[in-house]
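Asks: Next come the chains, spelled out residue by residue.
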Amino acid sequence: MSNFEQFHLDFYQSNYTIEDQEEGCNSYGSDKNLCDRRRSQREKQPAGGAFVPPDMVPSSQSYTGQILQPAYSPDTPSQLGYTDGFDEEPPLLEELGINFEHIWQKTLTVLNPTKPADGSIMNETDLTGPMVFCLALGATLLMAGKVHFGYLYGMSAIGCLAMHTLLNLMSTSGVSHGCVASVLGYCLLPMVILSSSAVVFSLQGIPGTVLALFIIGWCSLSASKIFTSALAMEGQQLLIAYPCALLYGLFALLTVF
Amino acid sequence: QMWQVGKRQASRAFSLYANIDILRPYFDVEPVQVRARLLESMIPVKMINFPQKIAGELYGPLMLVFTLVAILLHGMKTSDTIIREGTLMGTAIGTCFGYWLGVSSFMYFLAYLCNAQITMVQMLSLLGYGLFGHCITLLVTYNIHFHSLFYIFWLVVGGLSTLRMVAVLVSRTVGHTQRLILCGTLAALHMLFLLYLHFAYHKVVEGILDTLEGPNMPPFQRVARDIPVVSNAVLNTTAKAIALTL
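As given, the protein sequences belong to chains A and B, one line each in that order. For the first sequence, our numbering assigns the number 1 to the initial residue and increments by one for each residue that follows. For the second sequence, our numbering assigns the number 258 to the initial residue and increments by one for each residue that follows.
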């Protein structure tokens, strides 16, 4: 046993893993038998040796093992992936937090404003969908000959700040910036439809105005529906829809003119 | 170092949030209440013997100011107004918020001098709801370009909202001179603002008006036949408006 210890003095790496697994099972308590066995092993080590260093080594190793605890704990397989190599890494999308199923669900909620929304879908703030819709709006505006990316970014940033302030003032529970940005970005999707139709025909006549008003109504209805269901503010949907309508009206002004 | 900076920023943000909480009770409204107050702002009250109740609410006035900004922007865009120094959006927001906050503060100061019983929030609220008439007038007259229609709207709609504000103020002030000062100033500023908004931000294309209206137009309005730049049009039409009213 002491030979084993001396042999492994040079190889700190493997000793780390053994010690860490011990510490791991001590703190998580995963398998009682394993823990007991390893605990008895650990007790044997200080008793067995006339060597002072091996006594010191396990304790220092166990100390440093605790520092390295989160990276090496055996309970989360994805963490082990970092050490195990390329094959066992988690998929890129999962790492980035992009969940296509949720994005699709939220898109469908926006596209159908009459369907009652589920309040819990806005719990995770997902900014990928809104980014995509914003860029799509910019791209369709570009196709119509208007390079207005700066206006888009500025207006969406200021609009998010303003809506965040208003919602915090009007609701009993507050909202975070990310949630507001996420909802407003998702409800920008009908505006993309408006600007893509601006590519085909000019919106400056009566039918264009009617279409723009309809799209503004659609955007603000779905935004207010999601906000009221997420913040439990029933009865105030119209009060939230109106500022959203003003904000989307600005975007429509940008698209039409 | 970075931790300290972060902590300082967080405490600053927290104090800012604490300031926002002061405004929280002014935003606690129901849609029915807002609609009722909007309609009430056009109805002058008859009882000026005891102080009228003013709702100290900021949601309605804020939304009305933003609506006015949107209508101004729409009017500027449809008439292709070019603002040389500054942006369209900045001008519109500056004008509307400047009027709302500036005139409210000025009227509050005058009210303090004339010993009227009104708080700052109530003044903001009163003036804000008075902008409802402006919004309706501008919405209609930016799209339908008849001068006579604008004057009718200016007198009727603007007049109604002014009368309401004046009546509320009169009910809260004692003494004839003070009432006169306060209400005269408010009426003048309110009506002149609507006039200013109509003429300064909407270039009326005189030639098209002429062809549309035909022989019905009174002769002195036919003189401005060329399509002038904005300031020229403003000068012309304002001069004729003054001549007409005189």
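Among these hints, one or two may not hold up.
Said to hold, decoys possible - Some, not all, of what chain A presents toward chain B, calculated at C-beta under 8 Å: (1) Ile-103; (2) Leu-169; (3) Val-210; (4) Pro-243; (5) Gly-249.
Think of the hints as simulated: they come from the structure by calculation, not from any bench. Glycine residues also receive a C-beta, built at the ideal position from the N, C-alpha and C atoms.
Asks: Measuring from the C-beta of Pro-243(A) to each C-beta in chain B, is the shortest one below 8 Å?
Replies: holds, 7 Å
Asks: With a cut-off of 8 Å on the beta carbons, see whether Ile-103(A) makes it to chain B.
Replies: violated, 30 Å
Asks: So, Leu-169(A) near chain B? Judge it on the closest CB pair being under 8 Å.
Replies: holds, 4 Å
Asks: Would the stated hint for Gly-249(A) survive a check requiring a Cβ distance to chain B of less than 8 Å?
Replies: At about 6 Å, which falls below the 8 Å cut-off, the nearest Cβ of chain B leaves the hint on Gly-249(A) intact, so it holds.
Asks: Minimum Cβ distance from Val-210(A) to chain B below 8 Å?
Replies: Given a least distance of 13 Å, the restraint on Val-210(A) is violated.
Going through the hint list in order, the structure does not satisfy hints 1, 3.
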